[in-house]
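> For reference, the chains in residue letters:
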Amino acid sequence: MTQSQPAALPMDRRAFVQRFGLAFSFLLLMLALTLLSDRFLTAANLINILRQATINGIVSVGMTMVILTGGIDLSVGSVLALAVTVGASLMKQGQPVGVAVLAALGLGAFLGVINGLMITKVRIPPFIATLGMLTVARGLTLMYTQGQPITGLPATFRWIGTGVVAGIPVPILVTALVFLVGWLFLTRTRYGAYIYLLGDNPTAARLAGVPTERITVLVYAISGFCAALAGLILVARLDSAQPIIGQGYEFNAIAAVVVGGTSFAGGEGGLGGTLLGALLIETLNNGLNLLNVSPLWEQVVKGVVIALALLLYKAFSPPSR
Amino acid sequence: MTENIPRLRLEHVSKAFPGVQAVNDVSLEVWGGEILALVGENGAGKSTLMNLINGVVPLDSGKIYLDGQPVTMDSPRRALELGITMIHQELALIPQLTVGQNIFLGREPRRWRFWIDWKRLYAQAQAELDRLGIDVPVQARVADLSIAQRQLVEIAKALSYNARLIALDEPTSALTERETETLFRLVRALRDQGVALIYISHRLEEVFELADRIAVMRDGQLVAVGPVQAFTPAEVVRLMVGRELTEFFPKVPTQRGEPVLRAINLRAGREVQGVSLELYRGEIVGLAGLVGAGRTNLARLLFGADRLEAGEIWMDGRRVEIRSPRDAIRLGIGLVPEDRKSQGLFLGQSVRFNAGAGLLERLSRLGFIDFRRINQTIKAIIERLRVRTPSLNQRVRNLSGGNQQKVVISRWLALNPKVLILDEPTRGVDVGAKAEIHALMSELAAQGMAILMISSELPEILGVSDRILVMREGRIVAEFSREEATQDLIMQAATGQLERRVAA
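Those protein sequences? They're chains A and B, same order as listed.
If you're matching positions, the first sequence starts at 1 in the numbering used here and goes up one per residue.
If you're matching positions, the second sequence starts at 1 in the numbering used here and goes up one per residue.
Because the hints were derived from the structure by calculation, they are not lab data.
Be careful, since some hints might not be right.
Claimed, not checked - Partial selection, computed: residues in chain A whose CB lies under 10 Å from chain B: (1) ALA43; (2) ASN45; (3) GLY152; (4) THR156; (5) ARG158; (6) LEU184; (7) TYR191; (8) TYR194; (9) ASP200; (10) ALA205; (11) GLY209; (12) VAL210; (13) SER263; (14) GLU268.
Using N, Cα and C, we set each Cβ at its ideal position, and we do this for glycine too.
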């Protein structure tokens, strides 16, 4: 018999904090910046923040899925670099833009598959496997480009980074689409549910018939794909694929995911939090810029914010019975 | 009673969790020099009450007095300093450290305030163990000890803090009979030294053998407390479940059908050395044996969780290859694993996905989950199993042990397998839920399922099974029909005093 319980009991505090705490701090930050700088709350600046957040936002979508399985992907920055330099050079060789874009995305996903196979078949821990990929992919990028940036890309391609549709920059539209698809995937599909089950308890997942290895390979492939997509937008905007592009991006993505409330232990969190996390970090960046804080301090402040976020979740973790 | 002030007094203590009033206005006393048994169904609030006493969770209201003085229990550390220790179902030792390191964790004897004095640490640890007559090497890593030895180490650790109140939560659930006796001797010795003991157990024989007083909880409330002589086991059961349980093991006679699964000469390591068996539709086969006889390993082999080294498995007259649990599930084999928390459940996920994990594959279209059908199916099953949960969205972490076990069973029920293997399905489950699980097994068998049940409880094996297999050292050493089996015969077979040819 399912018993209905009395309604007057305290709400799950952790759920409450996760649902509203982050949104609340975000609003608080917006309010503070509005008061501190008259340049903050303008349409141009807000669009600017959104545009700045697109690259990290897209990388964070893949990162969220990886972290939900209890893994980590340190290789996103390097995968991004190798994918876009290959894509850019294909364009320079005269290949159609569509072919080059698909090749870059495919290469990103492929490198992710390799990450996944190293983890599932060779049984290397995700941290080490993707750390290896970070070095290898960056090395390949440097060799492939011989250290030279690739510039002068076709205008049709640059539209991805600079175009505007119905008053909204294309990168923002693409990012919104990626979040929407990712969110539907995680909350509405079988594989999305498997990601949570795998992250919660890998042993139980295997015994429940969850295809654990396939899911693991899939999330790293998605992460690689997202990294490549983010990289394409960045290159299209800058009209330049530098061999050192994307360095340190893993940090920003992990930060957005963790600030967004997804747990490193796996099985808990989601893309709604990541979206807010990515926006919060970018707004913070923007605010520190407007207030003329030295870029060196930005790093410190970002680190402190992440530490605070983690502390907050720890403080509100549910009591054990 | 040797003192005139109770060691511990609880006054109108209450605690609520999201969705449940776990402890509701409980007042209780525990005296030095007595063993108080605390019994109740899973979810009755025993563990929460212990967590309150032990400072793991804060009180909502009420007062706790220790030796007549009001105390605030804000952390387990504080409780420990006051001489209150809890020995949990899940042991709290650190497996990578040695016995001595565990006993003195966080208060190692120092040399010059900085360096740990290892010699003194091990000497003191040895002294603690000797005092209690515990024979465990102090330098052994805890990971290498048996569960029973770990429990003894925990008790030694508790006493090294001069514990004056020790709560033991289901201490014997993983112990053999001999180990249980050792534990009982120790518990009685502690009582005689004036320690107050709270003993939580679902095994009523143990309670009546060991306790001086019994306290019964139901739905968060204390429903009865009194000297053990004032109760009969049947009364205690009635108080616990709030209704009369006519039979512990309701057994519906079933008709044995065609063979479903046949295993021939299975081998894997030292644990399974050539096992052959056959399971039939409509039959419950009990698999008995001592801990470590290879029963769990056999179950895992049949389910594809471990790799088979040699042997054949046939389903419905067809040779099959089972390389993974996925293969097994596809062939219609289910396994309710031994340890629900580490192997069965997704504690942070909803009841919906815990019970529906196996259904997702069937009830989704183009990869999209059909939530309406999942919800319908799961709702019907958890109602049938009487799972107590406020909603399908409730996280399984917030359910009681018995309800958690029912959720794991629901997952398999939803898939309606041909063969269901249950490994210790009622371990740590209260009598009410236990009877329900047994009744369910009979019902499933009557519907034509083949059931293989592993259990270390002989009354359960005898009560539920149509046929009984006994394993010892990786082999099936005896087979009994329901009619001919007795506790003695099974024990003789399990301990190697009896072998009977098995007709496989």
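> Now tell me if each hint is right for this structure.
Here's how the hints hold up against the structure:
1. Checking ALA43 (chain A) against chain B by beta carbon gives a least distance of about 37 Å; that is not within 10 Å, so the hint is violated.
2. The closest approach between the C-beta of ASN45 (chain A) and any C-beta of chain B is roughly 39 Å, which is over the 10 Å cut-off, so the hint fails.
3. With a cut of 10 Å, the hint placing GLY152 (chain A) at the interface with chain B is violated, because the nearest CB-to-CB distance is about 41 Å.
4. Among the interface hints, the one on THR156 (chain A) is violated; its C-beta lies about 33 Å from the nearest C-beta in chain B, farther than the 10 Å criterion.
5. Proximity of ARG158 (chain A) to chain B is violated relative to the hint, the smallest CB-CB distance being about 35 Å (cut-off 10 Å).
6. With 10 Å as the threshold, the beta carbon of LEU184 (chain A) comes within range of chain B, its nearest partner Cβ sitting at about 8 Å, so the hint holds.
7. For the restraint placing TYR191 (chain A) at the interface with chain B, the shortest Cβ-Cβ distance is roughly 6 Å, inside the 10 Å limit, so the hint holds.
8. Annotation: interface hint on TYR194 (chain A) holds; nearest CB of chain B at approximately 7 Å, less than 10 Å.
9. For ASP200 (chain A), the suggested interface contact is upheld, since its CB lies about 4 Å from the closest CB of chain B, less than 10 Å.
10. Taking 10 Å as the C-beta cut-off, the interface hint given for ALA205 (chain A) holds, the closest approach to chain B being about 7 Å.
11. A distance limit of 10 Å between C-beta atoms decides the matter here; for GLY209 (chain A) the minimum to chain B is near 4 Å, and the interface restraint holds.
12. The criterion of a C-beta within 10 Å of any C-beta in chain B is met by VAL210 (chain A), whose closest approach is roughly 7 Å, and the hint holds.
13. Annotation: SER263 (chain A) was flagged as interfacial toward chain B, and the flag holds, the nearest CB pair being 8 Å apart, inside 10 Å.
14. The restraint placing GLU268 (chain A) at the interface with chain B holds, with a minimum CB-CB distance near 5 Å, inside the 10 Å limit.
Hint check: violations occur at hints 1, 2, 3, 4 and 5; the rest are consistent with the structure.
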